[in-house]
Each structure stands twice: as C-alpha cells, then as structure tokens.
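J.: Heads up: the sequence lines are chains V and L, in that order.
Taking my numbering, I'd label the letters of the first sequence as residues 1 to 113.
Taking my numbering, I'd label the letters of the second sequence as residues 1 to 113.
Think of the hints as simulated: they come from the structure by calculation, not from any bench.
If you're wondering where the values come from, they're calculated on a predicted model, not measured in any experiment.
Some hints here could point you the wrong way.
[As the list claims (entries may be wrong)] Rough simulated footprint, nothing fancy, chain L against chain V, three-plus residues with beta-carbon under 8 Å: (1) 32-42; (2) 45-53; (3) 104-113.
[What the hints assert, rightly or not] Simulated pairs of lysine to aspartate or glutamate, EDC-like, Cα-Cα distance not exceeding 20 Å: (4) L:Lys57 / V:Asp94; (5) V:Lys60 / L:Glu101; (6) V:Lys108 / L:Glu44; (7) V:Lys108 / V:Glu42; (8) L:Lys42 / V:Glu8; (9) V:Lys52 / L:Glu101; (10) V:Lys108 / V:Glu8; (11) L:Lys83 / L:Asp71; (12) L:Lys42 / V:Asp94; (13) V:Lys56 / L:Glu101.
Just so you know, even glycine gets a beta-carbon here, dropped at the ideal spot from N, CA and C.
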Amino acid sequence: GNSVTQMEGPVTLSEEAFLTINCTYTATGYPSLFWYVQYPGEGLQLLLKATKADDKGSNKGFEATYRKETTSFHLEKGSVQVSDSAVYFCALSDERGYQKVTFGTGTKLQVIP
Amino acid sequence: EPEVTQTPSHQVTQMGQEVILRCVPISNHLYFYWYRQILGQKVEFLVSFYNNEISEKSEIFDDQFSVERPDGSNFTLKIRSTKLEDSAMYFCASSEVTGDEAFFGQGTRLTVV
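Use the sequences and the hints to build the structure in full.
T.: Now the structure itself:
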C-alpha cells in the first residue's frame, strides 16, 4: 500500500535559517504529492502540491520538487520566520480515482527569534 | 473563498454515548471524506463518500461508524457507543473532482470521558 515517511521532529531553527524537511514515499503509479501545514490550534491547510514528476510546488516561500527517481518530495524554505512554527505533513493521493490521502507522521517546526 | 465548515468545534461525550459530527463541504464538490488525528499521531483516513455511497473505507471504519449525506449540503459522521480511544480530532474534507486536492475543515475535537 501507499506510505509516506518524513523526518522526525521536532525541528528547532533560528529565524532566517534554511529549512529542509525530508519526505519520501512509496506508491504505485503516479501519485500527487502534497505538503499540508497545521498551525497550533488549527486545522489542516494545503501548503503546496505537485502532480507529476519534476513539478515544483511553491507557496509562501516554501518549495518542494516531485522527484520520481528518488521517490522524494522534500520541503525547503530559504529563510524561516517565527510565524512558520507549525506541524508540517507530507502526503500523497493515489491515481485510482478517489482522493484518499495518505499522510506522514508530521514534523513539528519551531522557529525561535 | 469557499471553505469546508465543521460543527461543533469541540464535543465532549460520555463513553457509550452516540455522537454525530457535522460537516458542510464546499458546494460544488462531489467527493467527501472523514479523517481523524489522535493527539500527537498521524492523520488517518477513515472513509470516502461519492454518489451517496461509501467508495472506500479503512480498517478503522468499522460497524461503530457510519456516514450520511442527509440533504444536499451536510455530510455527517456518526459514532455509536463511543469509546475512550475515539477521542481525537476529526477532519472532514471534500474535493471537486478526482485528481484534485482535498480541502479540509477546521476539525472537530471529540473528547470521550
């Protein structure tokens, strides 16, 4: 079955540091890949997505590139802010025609001033 | 911007009682989903619903659970005879078409005491 593995947290960074959160996946065919963010006390929000190999999703300074050869979708941001503190979930949906999303375990990011 | 809305935001119930969690998906969406997130754990798929029937369900979604679209706008999750381990955040989601991302509601925090 499908699965998503992402780096364990928590990750603590200073403001303006470079962020990488690793994510790899196992899936048949050509899944769509997502990063969701959950701010403290809130629900899940789609941060970015990529639907085919070599696509780059980007939003709010975050980027992730769909790498089929390494089955990876690492999240990066060049300069994090305190407001980026949240839990980040890597996820995928399969191509079978339904939208079941398989999530990773989440990585908690804490950015300190 | 259209959004998925869930009510209530927090529900406390006694063990053994039945609860109904309510969701209003985005109006032109055709696919509906329930997920849950036990505190500190990953978000888990429960069920998907299309064309007034369950299209897929996980092993978590046993006879204790049921879903219904009682009218043209609401989508409900019923949990019969709640157990302590049903305490979790329950997320509703919807998507317009297959192959597109799901939009998540803010969640209902269910606490079983």
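J.: Would you list, in rising numerical order, the hints stated earlier that this structure does not obey?
T.: Going through the list in order, the structure violates hint 11 alone and respects the others.
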